[in-house]
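Participant: This is what each chain is made of:
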Amino acid sequence: MEALLALVDHYNFVITIFLMVAGLYVVVARSNMVKKLIGLSIFQTSVYLLYLEPGKIIGGTAPIVDPKFTLYSNPLPHVLILTAIVVGVGTLALGLALVVRIHEAYGTTDDDDIADRNRDE
Amino acid sequence: MNTVLAHLPALQIVIPLVGGLLAALLRRGILAFALTLVVSWIMPVISGLLLHQVMTSGPISYHLGSWPPPWGIEYRVDLLNGMVLMLVSTIGAVIIPFARRSIDFEIGERRQAWFYSMYLMCLAGLLGVTITGDAFNAFVFLEISSLSTYLLIALGRDRRALVAAFRYLIMGTIGATFYVIGVGFLYLLTGSLNMVDIAARLGAAEPEQARAIIAGLAFITVGISLKLALFPLHSWLPGAYAFAPSWATVFLAATATKVAIYLLVRFLFSIFAVALGRDSLPIAEIVLSLSVAAMFIASIIAVYQTNLKRMLAYSSLAQIGYIMLGIGIANQAGLAGGLVHIVNHAIMKAALFLALGAIFYRIGSVQIADIAGIGRRMPLTMAAFSVAGLGLVGTPGTAGFISKWYLALGALERGWWPMVFLLVASSLISVLYVGRVLEAAWFRPVGEKAAAAKDPPLSMLLPLLVLAAATVYFGLDTQWTAGIADAAAAFLLGGLQ
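Note that the protein sequences, when read in sequence, are chains W and D.
So the first sequence is residues 14 to 134, counted in the numbering used here.
So the second sequence is residues -12 to 484, counted in the numbering used here.
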């Protein structure tokens, strides 16, 4: 019961870990390259949450020096994740571009089919 | 002049980054090559000056934008990464003259400028990972180098290059994401991303936080191990090396995995060993067993390859095993052996892949059946290949022997003398796969394809001969390789006590 309450208490981490594992599972289990990339994106997105959640303090404001505010949220994770999102978008774009080229060259985007054809070469 | 000297650490990254952008804008292959040549030759000058400064007056700390660490990003050069910077930039400078003809032969004119642009981006990324003292900044540079590497591989002219690049993209991104998760744990624990600061703050951590530190260690180790292709996380590497353009394979085999190894060493010894305060690393057993597995399994697979590029790729996996073995042994001689093998293996593997690039340029194939008797037609190329091949085996008088000597000393110091037998046994397997090539090239009658071949032009031959000469030179005079590696190992292990 206590363990269950601890899970509910940290529901944000439960969601993060679920996304993480689900994304990684899709990458491993699917042979369609586009689906692999979708899984990869979900996996990366879960990491954004891992950084962002602890940085937010409920009721906290942006770190502006003003006597009216005493409680601040940490802005640094947001900046870091902005960079990580850019990297993630770049990776996804490059991955999709490669899939287009692979489709032109092989006529399929299925990893298993391509492995079969490569074996024949 | 002094204002320029003060900003050398930033210039080391900014010059190739801007060069990469300009190369893409130039569009014409020959112009982009000229620019790349100039940038590649400036790089070792800068890293040489940095390394000299480190050796005379201690580590350099450069504050980007004048924000003091731990708030701003710090570029930190000490003996360890000074050595790796020097290695990456020198290899780039030595092999770049080879690129012009090889790339002209393998890549269409329209795409050449893109190739050079991506190479410079990759160079900037690799140097960035090495020089930065900020854990998150290292991730960004790691991805800059990886994304450009995927493109370098995809530019190979076989359609299988595309698939190899895609598979590497999937594995590489998983690796990088694992690394970010690990850094995230450290950031949650310490609130800092500066490596020196993280180490200091983790050292003061509460005992109940040890589990989170171990989790961070696990994620970072697995993530970087994917990037450096530690057995069994290596599945992307043979395809990527086999189908990338010849010259790209040379550069990647000599530098990309080495930089990832550097990053792992940095985390294990400068951060986790300090934080966990043990006299050996908690993951030493895992690293040791995986590296021994790599030394044997990858070597045996290499013996059965018919494509020589793929054979050398498997051999690279085995050699990465040697480097990781030194890291796992983690005493003065063992770690020095691992670090010096980073340099020695880079030199030897660059020479071997260059020789294959020259053969491909002449006969359009790197299948073992097609190179029968090629030694008589391309004597200088094959002589260089033979010297570097002997180095790979670890023949006394070559650079490979020095690394194995240190590794054996380190193992003996720990009292693990069966490890010395394993080292020798795995070297014997490498005799088999190197010997197979030498036998085919020198002792078989000249085959149909090899008949018309001759040694490549000077711009391709010279880098190859320089690297082959370096293999012998660094086997006799070890002041610059083993000397620096030894000092770097002592510096790293200072954190362990």
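A portion of the hints provided could be inaccurate.
Covered stretches of chain D (chain W as the covering partner; in silico rule of three or more C-beta atoms under 8 Å from a C-beta of chain W) [to be verified]:
id	stretch
1	388 to 398
2	405 to 417
Derived Cβ-Cβ restraints for the label pairs, each shown as a range [stated by the list, open to error]:
id	chain 1	residue 1	chain 2	residue 2	range
3	D	Ala11	W	Arg43	26 to 36 Å
4	D	Leu(-8)	W	Arg43	52 to 62 Å
5	D	Arg14	W	Pro88	51 to 61 Å
6	D	Gln196	W	Leu18	31 to 41 Å
7	D	Leu18	W	Thr83	55 to 65 Å
Just so you know, these hints were derived from the structure itself, not from any lab.
Glycine residues also receive a C-beta, built at the ideal position from the N, C-alpha and C atoms.
Participant: If a hint holds in the structure, say so; if it does not, say that too.
Facilitator: Hint-by-hint comparison with the structure:
no., hint, result
1, 388 to 398, "violated (count 0)"
2, 405 to 417, "violated (count 0)"
3, D/Ala11 - W/Arg43: 26 to 36 Å, "holds (34 Å)"
4, D/Leu(-8) - W/Arg43: 52 to 62 Å, "holds (53 Å)"
5, D/Arg14 - W/Pro88: 51 to 61 Å, "violated (41 Å)"
6, D/Gln196 - W/Leu18: 31 to 41 Å, "violated (22 Å)"
7, D/Leu18 - W/Thr83: 55 to 65 Å, "holds (59 Å)"
Violation of the numbered hints given earlier is confined to hints 1, 2, 5 and 6; the remaining hints are satisfied by the structure.
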